[in-house]
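Residue numbers (our numbering), protein chains in the order written: chain A, 1 to 263; chain B, 1 to 281.
Keep in mind the hints are simulated off the structure, nothing from the lab. Quantities reported herein were computed from a predicted structural model and do not represent experimental measurements. Honestly, I wouldn't trust all of these hints.
To be verified - The calculated lysine-lysine pairs, modelled on DSSO-like cross-linking and capped at a C-alpha distance of 27 angstroms, are:
1) A:Lys179 with B:Lys268
2) B:Lys158 with A:Lys176
3) A:Lys179 with B:Lys182
4) A:Lys179 with B:Lys158
5) A:Lys198 with B:Lys182
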Amino acid sequence: MFRNITIGQYFPGESPVHRLDPRTKIFLTLVMVVGLFFIESMMGYAFIAALAVVIIFTAGLPLRFVLRGIRPLVIILILTFALHLFLNEGRTLFTLGPLVATYEGAYKGLLMVSRLILLILVTSLLTLTTSPIALTDGVESFLSPFRRIGVPAHELAMMMTIALRFVPTLLEETEKIMKAQMARGADFETGNVFRRAKSLVPLLVPLFVSAFRRADELATAMEARCYRGGKGRTRMRELEMAFRDYVAIGVTVAIICCIAVYL
Amino acid sequence: MLALHNVEMAFDGKTVLEGITFTFKASDRIALIGENGSGKSTLIQHFNGLLRPTRGAVYIDGVDIGAKGVKMKELRQKVGLVFQYPEHQLFEETVFDDVAFGPRNLGLSEEEIASRVREALSTVGLNFEEVKGRSPFELSGGQMRRVAIAGVLAMRPKILILDEPAAGLDPRGRDEVLTQAKMLHEKRGMTVILVSHSMEDVARLVERIIVMHRGKVVLDGKTREVFRQAETLKSIGLGVPQVAELMLELSRRGKDVRADVLTVEEAKGELLGLLRREGRV
Chain A
1 MFRNITIGQY FPGESPVHRL DPRTKIFLTL VMVVGLFFIE SMMGYAFIAA
51 LAVVIIFTAG LPLRFVLRGI RPLVIILILT FALHLFLNEG RTLFTLGPLV
101 ATYEGAYKGL LMVSRLILLI LVTSLLTLTT SPIALTDGVE SFLSPFRRIG
151 VPAHELAMMM TIALRFVPTL LEETEKIMKA QMARGADFET GNVFRRAKSL
201 VPLLVPLFVS AFRRADELAT AMEARCYRGG KGRTRMRELE MAFRDYVAIG
251 VTVAIICCIA VYL
Chain B
1 MLALHNVEMA FDGKTVLEGI TFTFKASDRI ALIGENGSGK STLIQHFNGL
51 LRPTRGAVYI DGVDIGAKGV KMKELRQKVG LVFQYPEHQL FEETVFDDVA
101 FGPRNLGLSE EEIASRVREA LSTVGLNFEE VKGRSPFELS GGQMRRVAIA
151 GVLAMRPKIL ILDEPAAGLD PRGRDEVLTQ AKMLHEKRGM TVILVSHSME
201 DVARLVERII VMHRGKVVLD GKTREVFRQA ETLKSIGLGV PQVAELMLEL
251 SRRGKDVRAD VLTVEEAKGE LLGLLRREGR V
């Protein structure tokens, strides 16, 4: 029942995009996200969409699989569009009771929806092409300059790795407990909001108990292998920026800047 | 009263169960045995409608449970399923409330619930007055498991399925849980289905064994008959209890002993008889 969640999923591959240094990909994702907030024209978004499609094809990702990530946010997208459509002043497009839809609102709404879709697309490209381990290595490397002012870079990265590692485990556990309670006549599917919220107690309590137990066991297992945090720790795979990384950064930043300035 | 007809199950195009057909009579005592990943845990979830077969049908008391209009609650009351490590499903503040969860879902009166909880807890060998007000989380592992089993018993199922009920318990806890399963069958006339990968545990407790391998039933028969198929059992990674193996080897070497013994006591009797006949005692 949880097979449909694609956000944050990794799509393994050997493409040039997959092989880029995770820091390059994180940095470029940030550049594109910032770019999306500066650009405010349909033409600009079209260019970014084209860029995203090029990256998707280079990475060998099935387009439909990537687009599926947008599905959970459809309601938010519709709501955004409706709000812009009715709450902007301008020439009347049509009226719906006391609500007045305007041309300006429709344009603004489309702009916002495009921006949101592109934001999802760009950020999911990062997680789709970067393995969780590479991703956390990248985050740790970005955070390490801030260690001097007390940011626990390694610990944050480790927490992220562990969190990602346990998502499937907890989903599996949820399904198991749900079935066990259903075998005792529990009903998770019918009733109003309050009843349904209440019916989650028999699911959430065991889930929390087992999550804490797992956390405890994992901590013991890590200490048994002499884990003492980030200080003096070396790694098996050092991150190294290659020529292709500089090329990717140069090209993408140039494209985004051009779009931002001219369109 | 529980019948499977040609049940097939596929996940993501992979076949997990194939052509499963058998019938349980009321008050049978059965063991479902198979190595890890043989499909036994998937199969038992078909018995109370938690999973639906891709093809084929499951009948409870002659009713196809996949048919429209079948009430799942009624079905799950009839077929009690105790999952592996059932203590992981405990959630209430007191033992009483946790055991009462099932009966409450059935919409019974509070008096009826109280009497069922009392009965279920005493069936699993716990002192009702002592444990009813305690938190299930402060009990020992073995006690927690028994509370969880009581939670299913309180629904008064006709068929009780226990998935690896002895896993992770110490020898005494294991004996207690398994003996109680046998008692439920003998005293209450419940149909008990034990799921296990260990022949050793279930051999002396059941009358019939169904052996599964890679999603198919490979052996199905009286306990002793199944044990005679030691070679088949070994070839699918199961093996037979050590005493049975000893006796099989002796009979293979031409000694006049019964090869289908199940317990140490039986083997002792056979061996003493043999020694006497050979004039060594």
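Going through the hints against the structure:
1. A:Lys179 with B:Lys268: Roughly 44 angstroms separates the two Cα atoms, so the pair is violated.
2. B:Lys158 with A:Lys176: It holds: about 23 angstroms lies between the C-alpha atoms, which stays within 27 angstroms.
3. A:Lys179 with B:Lys182: holds, 25 angstroms
4. A:Lys179 with B:Lys158: It holds: about 19 angstroms lies between the C-alpha atoms, which stays within 27 angstroms.
5. A:Lys198 with B:Lys182: violated, 37 angstroms
In the structure shown, a violation is registered for the earlier hints numbered 1 and 5, in ascending order.
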